[in-house]
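Chemist: Sequence:
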Amino acid sequence: MWFRSALVVTLSLTCVLSAFGRQDNGPRTTSQVQGTVVDAFGRPIPAALVQIGSLNGGAMQSAVTDGMGMFSVEINGQEPYRATVVTAQGTEEFMLAGPLQQDMVLRMREGAAPRVGRAVQPTVSMNDLEAPSKAKSKLVGATKAADKSDFSKAWKLVNEAIRIAPSWGRAYLLRGVLSFTNHNYVSAQSDFATAVAHDPNNGLALTEMGKLYTTTNQYRLARTYLQRALHLPPVQWPAYLEMARLDVLEHRFGEAHELATRAMACQPAPPAGVHYIDGIADYFLHKYRPAVAQFKLFLKQAPQTADFAASRASAEHDLKLLARLTPQP
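Going by our numbering, the first residue of the sequence shown is number -4, and it counts up by one from there.
If you are wondering where the hints come from, they were derived from the structure by calculation, not from laboratory data. It is possible that part of the hints are untrue.
As the list claims (entries may be wrong) - With beta-carbon atoms standing in for the labels, derived distance ranges: (1) A288 <-> E69: 50 to 60 Å; (2) E69 <-> A305: 40 to 50 Å; (3) R215 <-> F146: 30 to 40 Å; (4) L124 <-> H246: 36 to 46 Å.
Said to hold, decoys possible - Calculated pairs, DSSO-like style, for lysine-lysine (alpha carbon to alpha carbon, straight line, at most 27 Å): (5) K282 <-> K295; (6) K315 <-> K295; (7) K131 <-> K143; (8) K129 <-> K143; (9) K131 <-> K151; (10) K129 <-> K151; (11) K315 <-> K282; (12) K291 <-> K315; (13) K129 <-> K139; (14) K129 <-> K148; (15) K148 <-> K131; (16) K143 <-> K315; (17) K139 <-> K151.
For glycine and all other residues, C-beta sits at the position ideal for the given N, C-alpha and C.
Go ahead and model the full structure; you've got the sequences and the hints to work with.
Modeler: So, in structure tokens, the structure goes:
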């Protein structure tokens, strides 16, 4: 269930203006904008999307707030400016007439318009379109190598892709996944953050960041990133499944069941783990027969490998327990 609250956006602005040479239409300026996004109670909001740009030319620049709610963007062009702040609760635009001032406060209306994913996430992001074909070829090769567990080759190719396209978020995403797979969480977090900074509406990058924070027991941050991913259609099974996993860990079993059900309806279909998560949720909701069905599906679909050994053993144990709780026909 989503809750809406009024948000206060505080921008502490330091403007550094410089001329890049005179053109026929006058000097071109850049402004370094730094600020903090907080809620109505003054608490910082991590993973909020901040977009600022000039209405007189210059691209809209984006940044995502860090764990302390802070962001920094460099914008081109002159006043007036437009700022857009997007959180899980809503989105709102602000017209900023006149020079950017210190300690500017942007207050979102209570009941701000809910986020409409299609307005903020195109089918193919501009960041993807701008990547050179050579970098894309390297990333395809890296992905194929990773799928075959040839991690040495995958590392080599993804690093080459980043060297060719240092602003391509999807390349950093894959490198972060490789680090995550090897339990190098510091490097993974750095690459996921870079991926989100370059492509703020990449739902998979947001999902992976949320997954990392769940794995490292930082549940509040995990929920923030996963909520953003769930507001960026088309939502696929990874976002549903990771939020369901987090809900189970936080004993929100009804929500976990609902999200696992949504994940199962996705195409392509999710992995076997979704049945394990749903089985746990059903068990604690005292829906024992559905829990039995989900655990059996998990055991049928999950490969008998070391990666699944612990969860398979747990599912088998739970089935034995449920056999005593479920009346026999």
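Chemist: Determine for every hint whether it applies to the structure shown.
Modeler: Structure-based check of each hint:
1. A288 <-> E69: 50 to 60 Å: 54 Å, holds
2. E69 <-> A305: 40 to 50 Å: 47 Å, holds
3. R215 <-> F146: 30 to 40 Å: With a Cβ separation near 32 Å, R215 and F146 satisfy 30 to 40 Å, so the hint holds.
4. L124 <-> H246: 36 to 46 Å: 43 Å, holds
5. K282 <-> K295: Distance of about 20 Å is within 27 Å: holds.
6. K315 <-> K295: 16 Å, holds
7. K131 <-> K143: 19 Å, holds
8. K129 <-> K143: Since the Cα atoms of K129 and K143 sit roughly 22 Å apart, the hinted pair holds (cutoff 27 Å).
9. K131 <-> K151: 14 Å, holds
10. K129 <-> K151: Satisfied, since the Cα-Cα distance of roughly 14 Å is no more than 27 Å.
11. K315 <-> K282: Measuring from Cα to Cα gives roughly 15 Å; hence the hint holds.
12. K291 <-> K315: Given pair K291, K315 holds - Cα atoms ~11 Å apart, limit 27 Å.
13. K129 <-> K139: Given that 27 Å is the threshold and the Cα spacing comes to 16 Å, the pair holds.
14. K129 <-> K148: At roughly 17 Å apart (the allowed maximum being 27 Å), K148 and K129 satisfy the hint.
15. K148 <-> K131: Roughly 15 Å separates the two Cα atoms, so the pair holds.
16. K143 <-> K315: Not OK: K143 and K315 at ~36 Å, beyond 27 Å, violated.
17. K139 <-> K151: OK: K139 and K151 at ~12 Å, within 27 Å.
Of the numbered hints given earlier, the model fails hint 16 alone.
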